[in-house]
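**Q** Sequence:
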Amino acid sequence: MRKPSDDTRGSFCAQPNTSTVEDCVDASEGPGSAWSKAKARGALPIQMWALGPSGVMLDDLVASEAELRAWFDNIDRAVAYVRDEEKNAESLRATLHGRLRGLLAEVGHHQKEVLAEAPVRAADNFKQAMTEKASAEMEPLVAALAADKQAMAVVQAIFDQAGSDAAPLRSRYASAAARFAAYRATEAAETAAYAALSKQASRSDIEGLDGMDQAVLAAAREASRAPNELAAEVMTLSAELQAFAVSFEEAIAPHKEFLATHGAVVPDMTSGALRSLSAMLGYAQRRVARSDATATALLGGIALRRQALDILRMDEGAREAIARSRIRQASEVFGEGARARAAALSAAPPVSEKLGLPLLAERCGELLALVQLRPLCEAAGSSWREAGCAALRERFDAAEAELRTGLPREIAAGLAALREKGMAAAALDVAQARLDAGDVKGAAIAYDAAVRGAEGT
Numbered sequence: 001m002r003k004p005s006d007d008t009r010g011s012f013c014a015q016p017n018t019s020t021v022e023d024c025v026d027a028s029e030g031p032g033s034a035w036s037k038a039k040a041r042g043a044l045p046i047q048m049w050a051l052g053p054s055g056v057m058l059d060d061l062v063a064s065e066a067e068l069r070a071w072f073d074n075i076d077r078a079v080a081y082v083r084d085e086e087k088n089a090e091s092l093r094a095t096l097h098g099r100l101r102g103l104l105a106e107v108g109h110h111q112k113e114v115l116a117e118a119p120v121r122a123a124d125n126f127k128q129a130m131t132e133k134a135s136a137e138m139e140p141l142v143a144a145l146a147a148d149k150q151a152m153a154v155v156q157a158i159f160d161q162a163g164s165d166a167a168p169l170r171s172r173y174a175s176a177a178a179r180f181a182a183y184r185a186t187e188a189a190e191t192a193a194y195a196a197l198s199k200q201a202s203r204s205d206i207e208g209l210d211g212m213d214q215a216v217l218a219a220a221r222e223a224s225r226a227p228n229e230l231a232a233e234v235m236t237l238s239a240e241l242q243a244f245a246v247s248f249e250e251a252i253a254p255h256k257e258f259l260a261t262h263g264a265v266v267p268d269m270t271s272g273a274l275r276s277l278s279a280m281l282g283y284a285q286r287r288v289a290r291s292d293a294t295a296t297a298l299l300g301g302i303a304l305r306r307q308a309l310d311i312l313r314m315d316e317g318a319r320e321a322i323a324r325s326r327i328r329q330a331s332e333v334f335g336e337g338a339r340a341r342a343a344a345l346s347a348a349p350p351v352s353e354k355l356g357l358p359l360l361a362e363r364c365g366e367l368l369a370l371v372q373l374r375p376l377c378e379a380a381g382s383s384w385r386e387a388g389c390a391a392l393r394e395r396f397d398a399a400e401a402e403l404r405t406g407l408p409r410e411i412a413a414g415l416a417a418l419r420e421k422g423m424a425a426a427a428l429d430v431a432q433a434r435l436d437a438g439d440v441k442g443a444a445i446a447y448d449a450a451v452r453g454a455e456g457t
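In our numbering, the protein residues as written are 1 to 457.
Any given hint might turn out to be false.
[Claimed, not checked] For lysine-lysine, the following DSS-like pairs were computed, each having C-alpha atoms within a straight-line distance of at most 30 Å:
no., residue 1, residue 2
1, Lys199, Lys256
2, Lys441, Lys421
3, Lys441, Lys354
4, Lys39, Lys87
5, Lys354, Lys87
[Said to hold, decoys possible] Pairwise CB distance ranges, derived in the manner of DEER restraints:
no., residue 1, residue 2, range
6, Gln372, Glu187, 50 to 58 Å
7, Gly208, Ala188, 22 to 30 Å
8, His109, Ala80, 48 to 56 Å
9, Gln372, Glu332, 35 to 43 Å
Hints in this document: simulated from the structure, not taken from any laboratory. C-beta atoms are modelled at their ideal positions from N, C-alpha and C, and glycine is treated no differently.
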């Protein structure tokens, strides 16, 4: 027998299936230490064995009941560790049929030679102990293997049933995917059909517009038919896949520990299909929404064209009265908007709750919108906008000055305050870079984000 150490209490050894190196530790470290070293070196199964006390020859081992018992105790500890702690049937089988079996055979063969020369009582002790140990350890192995075989049969039956139940679902998923692909391929044609209807409506007289309403409605119904049918199929199939997943999970749950022990992973049979079906449904819903919006816009345009054609049929006096009424309405709407914009700019910008720093992105947007109105109010044909422009003209110069110098100063001051409070420089540098580039709006947005980030809002 090999002598791995000077420990008189013996040694525990372990060797993984994928390595030729043995890892041995003193018995005082326990079998778990040898197992851990072997596991780090290679893969399961791992066989374990126990070596007798260092320096004890075979003759002395079989002749000494104490030494023999100490060795058997270590064998018991090694086998029990594999069986009870690691609970790995393959490793238990490798342990009982591997190096340990060879050691017992070696000692047994040597014992026969000793008996042939001078029978001793120790031989009887060893023979009886070896027989008892083989019987005691083989029975749990047989039981463990039988239990594994039975458990695997149950798991295989669950997998077989799941495969049988999933087969029609797979077929229906393939059908839904093909139907979706065919539907998606019609998007360009659908868009072209709406464009043709729009072009035809723009050239139709009043009598022709009556038929255009019905044509647009028919196109919208046809555009919704296929996706609605597909959506119903997808939602039904998704519900059945979810029910199948729940049923399989309930069936396999009692066996997950067994599968984990043997390194098996529970298969995921539904999540990929469910994600794909969800994407199909989302596309169909978005496309129907676009189709409905297009049809609604077309119907609105047809209504406006019909009104315009009706007006053209009226006498000059009626047309002028309608024009004056609409100009008056447009002037009132524009004036109300201008007065509201002026009032909003008269108020100070809001401040943050905790730091009390101004939030400037919204005000920057209002100032930009006001400045963009200046050409309209200075145009020669701005008479119907005059009431609103009168409330805005005195603010144009101030708005441009605030955008050019006022807001940049406020943003710079706010960034400096944030730096003094120890805020991370990354967010502040983004706002500063945009400010340096003359992008006041972008700087205001980044600055507001930095303020809210500093306050955790």
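**Q** For every hint, state whether the structure bears it out.
**A** To see whether the hints hold, each was checked on the structure:
| no. | hint | verdict |
| --- | --- | --- |
| 1 | Lys199 <-> Lys256 | violated, 64 Å |
| 2 | Lys441 <-> Lys421 | holds, 24 Å |
| 3 | Lys441 <-> Lys354 | holds, 23 Å |
| 4 | Lys39 <-> Lys87 | holds, 14 Å |
| 5 | Lys354 <-> Lys87 | violated, 59 Å |
| 6 | Gln372 <-> Glu187: 50 to 58 Å | violated, 36 Å |
| 7 | Gly208 <-> Ala188: 22 to 30 Å | holds, 27 Å |
| 8 | His109 <-> Ala80: 48 to 56 Å | violated, 26 Å |
| 9 | Gln372 <-> Glu332: 35 to 43 Å | violated, 21 Å |
Hints 1, 5, 6, 8 and 9 from the earlier list are contradicted by this structure; the remaining hints agree with it.
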